[in-house]
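**Student:** Below, each chain spelled out in residue letters.
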Amino acid sequence: MGMRKVAVVGAGMTKFVRRAQETGKELSWEAVRMALDSCEMTIDDIEAVCMGTAPDAFDGLHMKAEYLSDGAGAWLKPYMRSYVGGGTGIFAPIQGWYHVASGLFDTCLVVCEEKMSSFYPHAQAAFLTIFDHTTERALKPNLLWIFALEMNRYMHTYGVRKEDIALVSVLHKRNAADHPCALLGEPDITVEDVLNSEVLAWPVQRYDVSPVSDGAVAIVLAAEHVARRITDKPVWIEGVGWCLDTAYWTNRDLCYPRYVEVAARMAYEMAGITEPRKQIDIAEPYDPFDYKALHHLEGLQLADRGQAVQLYIDGTAARTGNMPVCPSGGLLGVGNPIAAAGLMKIAELFWQLRGEAGARQVPGNPRRGVAQAWGDLMQVGTVVVMGR
Amino acid sequence: MTLLERDPNAPVFWKGNMPVTSRYTFGLAGERFFRAIKDEGRILGTRCPECDITYVPATLFCERCMAELTEWVDAGEIGEVHTYTLLFEDMDGNRLPEPEIVAFVRLGDGGLVHRLGEVELDELYIGMNVEPVFKPAAERTGSILDILYFRPVD
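So the sequences go chain by chain: A and B.
Just so you know, we're using my numbering here: the first sequence kicks off at 1 and counts up by one.
Just so you know, we're using my numbering here: the second sequence kicks off at 389 and counts up by one.
If you're looking for bench data, these hints aren't it; they were derived computationally from the structure.
The beta-carbon is built from N, C-alpha and C at its ideal position, and this holds for glycine as well.
Wrong hints could be hidden among the right ones.
Facing chain A, from chain B, some residues (calculated, C-beta under 8 Å) [to be verified]:
1) S410
2) G418
3) M479
Derived DEER-like restraints, expressed as beta-carbon distance ranges [what the hints assert, rightly or not]:
4) B:R420 x A:D37: 45 to 55 Å
5) A:S197 x B:R420: 33 to 43 Å
6) B:V490 x A:H62: 17 to 27 Å
7) A:S197 x B:Y412: 29 to 39 Å
8) B:G481 x A:R4: 46 to 56 Å
9) A:H62 x B:S531: 17 to 27 Å
Derived, one-sided and incomplete: chain A residues facing chain B with beta-carbon distance under 7 Å [stated by the list, open to error]:
10) Q21
11) T23
12) E26
13) W29
14) A57
15) D70
16) G73
17) W75
18) S118
19) T134
Modelling step: build the complete structure from the supplied sequences, incorporating the hints.
**Tutor:** In structure tokens form, the structure reads like this:
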């Protein structure tokens, strides 16, 4: 396609916390400094900056990305914000990728930030106004009960048991116990804990869902000739894809995320992947709810429809399994500062593929991973394939 | 036949609102900046020795080189009116009895946008030296409005 190879050469992230004292600017700056320091670059080496951040309502500032720009290192640089809701954290690196792949820039800093604690009393209220004002909003919908409807349909269609879905939450929260930035790592959590947690909107219980969080993540992208000067362990962005399904909740297949499949096929084709289940070593599907990780694994073609839970039952998804899923701990364990949570998955693949993931390291020198996020009006799929 | 023709009492619109309430933290730098205003009646900045810039209000980092800033300085008691405007109407378009003066007061390499007071309009000029007038210490809350206004310095 006449595009240049692009590598991730550095990454940094703040702790994900429930309520940060730092401003969004300060969180962004912290992640940027860590990312630059990790590859011994300075802000002068950066030619363009991409910012991913979700609804302005969270931070309580309109034009939020412009407000955050100094923390993102964007002073006097080409700067652009992308926003596709929850999918933003995987879309922002795609945007950074085409900034560099196109030949326009040799280096690009990608920063994702979210400070959800500003919204009072709870960030969930920010979602009241994403629904149609005439047909839906009168019923006061929130994401918990909207996804409870989807989860129930998924369980019913494929006969997936709730106690098996709980395995997802257990694995991810246990994995997160090894992540120094995690908000909800729980090394000893069990299926019983998940099943006994507070029911929020049946079948969604407290431990089926990720927490609202504050945090920021940054990565540094470089064109091949620059990347090879910076590091002997570049991690290449091998494929990218994204796609938007219908805006109507009622016109969508609730049991199967077509938006993920289309995005994944686009990314796989670019990466030359023909048999994803054999060619993908690590998967970081988007997991704001436990059933959503299953949904997305199926959309990513890493499991048959309704069968993703088997990866958890038979141990394939474990960190030491054949295809570890969310070795980071995912959103369920590390936390869910929306855009930052997505970019955290890209950072995790970067560290895993370089063998730098510490206690979280997947054994066997993994060669390729896929990260995915989902969002907008629950209809966007964003996918990045990375390899070394 | 439209809905309205069928029912003359049917609404032609749907009422709704987008309620947003936020609680903002001061941030790491802001915490110290506003405490100095509240407790000491001082305006602080931070210096980047590398870029030779004094940021007012104080910031945690230099936006030019991204270095952490650890050198805190007093921005001084006198600022300079960099520019100003006169407000003749309030937010709702009502005529104000007296025009309100809003100025950008240069302090360090930054400054504050704030009100001017104790100044006659015909005495006002760009380049004028001004100083902050703080609320009484007991009434300060850690707000930018702990500074009542800036006034001319003789």
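**Student:** For each hint, tell me whether it holds in the structure or not.
**Tutor:** Against the structure, the hints:
no. : hint                        : verdict
1   : S410                        : 3 Å, holds
2   : G418                        : 7 Å, holds
3   : M479                        : 17 Å, violated
4   : B:R420 x A:D37: 45 to 55 Å  : 24 Å, violated
5   : A:S197 x B:R420: 33 to 43 Å : 40 Å, holds
6   : B:V490 x A:H62: 17 to 27 Å  : 21 Å, holds
7   : A:S197 x B:Y412: 29 to 39 Å : 31 Å, holds
8   : B:G481 x A:R4: 46 to 56 Å   : 55 Å, holds
9   : A:H62 x B:S531: 17 to 27 Å  : 21 Å, holds
10  : Q21                         : 5 Å, holds
11  : T23                         : 3 Å, holds
12  : E26                         : 5 Å, holds
13  : W29                         : 5 Å, holds
14  : A57                         : 6 Å, holds
15  : D70                         : 4 Å, holds
16  : G73                         : 6 Å, holds
17  : W75                         : 5 Å, holds
18  : S118                        : 5 Å, holds
19  : T134                        : 5 Å, holds
Hint compliance for this structure: hints 3 and 4 are not met, and every other hint is.
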